[in-house]
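> Each chain is listed here by its residues.
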Amino acid sequence: MKVGPKSAFRVLAVAGAIFVGALGASLAEAKTFRINVVGDPAQMDPITYSEIVAGRILRAMYQGFTTIDDSGRNVPALAEKWEPLATGPGFRFHLRKGVKFHSGREFTAKDVKYTFEELLRPGAKGGLNSTYLKVVVGADEMKKGTAKEISGVKIVDDQTIDIQFTKMDVLFPIYPFYFMDSGIVAEQGADWMTKVSAGTGPFKFSKWQRGASVDLVAHPGYWGGAPKVDGLSFKIVPNADTAISQYEAGELDFVDVYAAAMRRVLRDDRFKNDIIRVPRAQSTYLAMNQNLYAPFKDKRVREAITIAIDRPAMVKGLYGGAAFVLNGVVTPGMPGFNPDLPEIKYDPERAKKLMAEAGYPGGKGLPPIDIASTEAFKDEITYYANQFNRVLGMPVTVKVVERATHIRAMNAGEVAFFPWGWTADYTDAAYYLSQMWYGPSPYNRGRWKNADYDKLIEEALTVADDAKRFALYHKAEKILLDDFGMAPVPMSAVVGLKKPNVKNFTITPFGFGEFARVEIN
Amino acid sequence: MFRYFLRRLAGLTPVLGAAIVVTFLAIRALPGDPVGVMLSDHSADVAMATRLRAEYGLDRPLPEQFLRYVWDIFTGNFGLSFRYVHRPVWEVLRDSLLISPLLALGALALALPIGVLLGVQAALHRNTMRDTAIIVSLVAGLSIPNFGIATFLVYLFSVKMNLLPVAGWGQFKQAILPIVVLALPSAAYIARLTRTFMLEVLQQDFIRTARAKGLAERLVVYRHALGNTLVPLSTSAGIMFGGLLSNTVVVETIFNIPGLGRLAIDSIFARDYPVAMAVVILFVLFYALINLAVDLFYALIDPRVRQEIAA
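Going down the list, the sequences are from chains A and B.
Numbering-wise (this note's numbering), the first sequence opens with residue 1 and increments by one.
Numbering-wise (this note's numbering), the second sequence opens with residue 1 and increments by one.
Bound conformation, chain B alone:
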C-alpha cells in the first residue's frame, strides 16, 4: 500500500513538469508586456522601462528566463511578483492558498448530504409525483449557470432582505452565499447519481434477502442499499471536488473573495507572469493530489481494490 502511494506520487513529477513548461509558454504567448502594464500610461519613460525590464530579467532570452523560473520554483519562492512591487510570489499566494480549497470543501460538505438525501427519496418514490418534482428541480439546479443563481441570491438575501453580506471575505457569514452557489449544481449532480445507484442496488439479491429475513425497511435502505452506493459515490465526490475547485474562479470573482481563482484572473490581466504560473501549477498539484487521494480512499473502503494493488 505504501509502495503504491510512493509510486503514484512519483508519477506526479512528469505531470507537474509538463504543466510548468506549458504554462510558461502559454502565458508568454499572450499579447501585452508586463512592463507596459506596470507603467501603463507612462510607458514612454524609456529609462524606467529599461530598468524594470532588467530588474525582472525580462531582457534575457526565453530559455534563460525559463531556467531561472525553474530555479525559483526549486528554491521555493517562485520568484518576484511583477505586479506587487518587490514581493516574492509566495508571499502574494500565501493568504489566498487555503481559501479556494476551503470553499470547495464547504460546498462538498453541503452538497453531499443534501444530494444523497434527495437521491434516496427520488429512488424510493420512483415514478411518483415526488420523484418527478425532485428530478425537475435537479435539472434546474444543473442548468442555471452559477453567476445567474449568485446574482439572484445576492439580490434576495443581501440587497432586499439585508441578511447576508453582498461580497467580501473574513467573516463566516460572507462564506454562506458563495458556498451555497458552489454547492447547488453539485448537490443536484450527487442526487442524480445517488438515484441511479440506488435504483440499481435496490434490485440486487442481497436486498431481497435482507427484506426476506424481516429487516426493518429503514435498515435495508440506509445500511444495505445506501452503504453500497457510497463506493461509486466517493469516486464521483473526488472528481467533483476538482470541479468545485475550478468553479471557485467564477464564485470568487462574483463575491469578491481573495482566493487563488481570483488571483489567477487578476494576475493574468496584470501580466503578472510569475504569480499566474504559480497559481496554475498549484491548481495542477491540487488536482493530482485529489485524484491520488480518491484512489487511496477507494482502496480503503473496497477490499477488492486493495487486493488488486497488493497483487
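Okay, chain A solo, but in the shape it has when bound:
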C-alpha cells in the first residue's frame, strides 16, 4: 500500500473526528448544588471510611444518633431521646419513628445493632469509628471473633435499643456513627457501596467519577423533609486557585477555600460579601518534649518560649487574617470551650529574664535543637525559629519532614519541638483534652504528663451534665496551661465563599454544614 501525503492528512482528519465524537457526551446539570473537595474519597463505605473527604461526603447520606447543627451544637437525629440504663453503665436509645432508608426500608433498632457489628466484625476492616465501641459490653469478643454478636446490645423493640457499657461513656450519643441499612448486602451484594448508598440522610449516592466528582441525588423520603435541590455535586478540585477560578466563573456555588488561597481571598474586595470565616475545630500547639531536650524540663524555659511568640502579629502577617488567636486547648465554638481564659501576652523582656533565671542568659549554654514539621508548616516553623533565636538566643534549626514519617515519629515521642494540630472528629472538648494531653493517649505527642490532669479527665468522662463536665475540663485545661506543658499557637480559619443565590448552607468549624435545607435561587 502506498500512503501519500494526502492519505496521511486523511488519517489525521479521521482521528480528529473520532476525538471530537468521544468528547461529545455532555452532562446536563439540573438544580445541583456544586461544592469542592480537595481529592477523591478513598471509598464510599460508612463502615470502613477513615479520611476527611469521605467523611464530608458521607455526612450528606448517613446519620447517627445525633448530628451537629450549623451552630455547632449536638442535636438529636436518628435517636429522639436517650437515658442512662437503670441496671448499670449504658444508655437506652429511643429511635426516631418513620425514618426511611434510601432503599425505602424502615430504619429500626436492628439496623443500629447491625452497624455496630459491621464495625467490629473481624476482617471487615472496621474503620476508625470502631474505637468508639470499645466501652460496649461484648465488643472485644466480637472483634476477636469469639462471639457472633455483641452481647451488650439489646433490641427492646423496633424503636428502642439498650446498650451496656463496661464503664460509663457519656459522649456515646454524640459519636459520629453512620447507621446503615441491614438489608443492603442481601439486596445489592458485598460491593453495594459502589452502586448505592444505604443511609437515612437527605441525599443518596448517584455516581462517582474518579478525579472529577461524586454526585448525589435528593432522597425524597427524607424524614426531615425532601431537599430543595435535585442533587449535590462534590467536585474534586485539588488546586486552591482552580477552585477560586471555578467559583468566579460560576462552576461552583460554594467554595471551601484551601489554605493556599486564603490570604488572596481575604484581601480581595470582590469577595467581601461572599466570605464566611470561622475558627477551625483544630487545636493547635507548639509541643516541647521534656524527655528529648533537657532545658524543656525547666518550667521557666517553657514559659519563656510561650511568651516569646507574638500571636496577633502572626495572625496578621503570617496568615493574612486567615487565623485566630488561641489561648488554651479547646477551640472557640467547641462545646467545653472556656471563653474566660486570659490572653497569652507577647512579652520578650520577661522571656529574656526567665531564660537568664533558668541559667541560659541570652541563650548561652543551650544545646542546638531542631524545630520540625511538614511542608505545610514550613512558614510557621521558620517564624518560630527566627523568633526564638532573636528573642531568646535559642539555637533553633528548621527541619521539614515528609508527613507520614513525621506523624509516626511524633506518635513515637521522638520529636522534641514541633507545632501541630489535632482536628476534632466529634463535638466535645474531650476530643482534644482526652487525646492530646491525657497521659495514656497514643496521641499525646509532646509527652507532657500530669496525674491530676489525667484524673480530672477520667472523672469528666463520667459526668453526663454538660455544665458540670465542662467545669472539670476547664480545671484540667488550666493545669496544663499553668505548667506551660505546651504553647498554644494561632489556630487556622475555615474560609468559605458563598454565592448570593445560595441559601441555608454554611461552612462551620467542623467542615461543611448541614446539606438538608440548602436552596439555590
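None of these hints come from the bench; they were simulated from the model.
By construction, the Cβ of each residue, glycine as well, lies at the ideal position given by its N, Cα and C atoms.
Relax, there's no trap hidden among the hints.
If you anchor each label on the Cβ, the simulated ranges turn out as follows:
(1) B:A216 - A:G250: 47 to 55 Å
(2) A:N501 - B:R218: 54 to 62 Å
(3) B:S40 - A:K399: 14 to 22 Å
(4) B:S40 - A:T397: 20 to 28 Å
(5) B:S40 - A:S151: 29 to 37 Å
(6) A:A376 - B:L156: 25 to 33 Å
(7) A:K475 - B:T151: 51 to 59 Å
Assemble the complex: chain A is given as a structure, and chain B must be docked to it using the hints.
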C-alpha cells in the same frame, strides 16, 4: 514486513521488564509509608496499622513483594490500590486510560495543520517582515511555559469572558483550553521544522524542473515541495506525540482532568505504589508503541525504508 513488526514487538519485552524493576525500586525508595498515609493523623492505632500492612502484603520481604507484583501484572489486575480501598488497580486506571492519549492526539491534530501552514508561509516569504513576525511568535510559543499560557487563557476566556469552563472533564468545551495549551508549543515546533525542511526542498533540482515545465506555483509548493517534507515531519510528529503525552501531566493538573498524568501525581503523593507503578508502566508502553508505529509509518510512506527492511 510482518516479521519486522513481530521482531520489534519482541524487542519491547526487555524494555518493559526494566521499567517494572526500576519503578518498583524507585517508588519504594521514596520516604513515607503507605499505611501511614492511609491512617494519616490516626497512625498510632497500631492494631489497625498492623492489619492493613498484612492485608496489602507490606509486611513481606521486598523480593516477595516484587514477585507478587509481577504475578499481579500477568494476571492482569495490577493488584489492589492502596488509596482506593479494596479496588483493583485496573478499575482505578480504566476511566483515565484514554484521556491522556486523547488530549495528546487532539493537540497533535490541532498543532499539525497550524504548524505546517505557518512554516510554509515563513519559508515562502523568507527574510521578509512576514517571516520575521512568524519566527518571533514561534519563539514566544516555544519559550512561554505552558502553565503560564494556561493561567492567562483561563483568566481571559473563563473568568473574564465566561466562554469556556475553568476546569473539569466530561464536556467537549472542557477539552478546548487544555488542547490549545498543549498544542501551542508543538505548533511552533512543527512550524520551525516545516520552514527548515521547505527551504531545503525548495532548492532541489526537481522543484526547478517542476517550475520549468510550467506547473502552477500552488502545485509546486503544496504537492512537490510539501509532499517531500512530510517524510521527516512524520517522524518528528511521532516523537512529539510522546512529548505531548508527558506534557499532559502538567495540563491535567492545571485543568483538573482525571487522566493518567494526574493519577500518576496523585498516586505518588498518596504512596499508592500499585497505581503509580501501573501508570509508569503504561506510559512506557505508550512510548514504545508510538516509536514502533512511527517506524512502521515511515516504512509505509518511504519505499527506500521498506526495501531496507526487506533486505
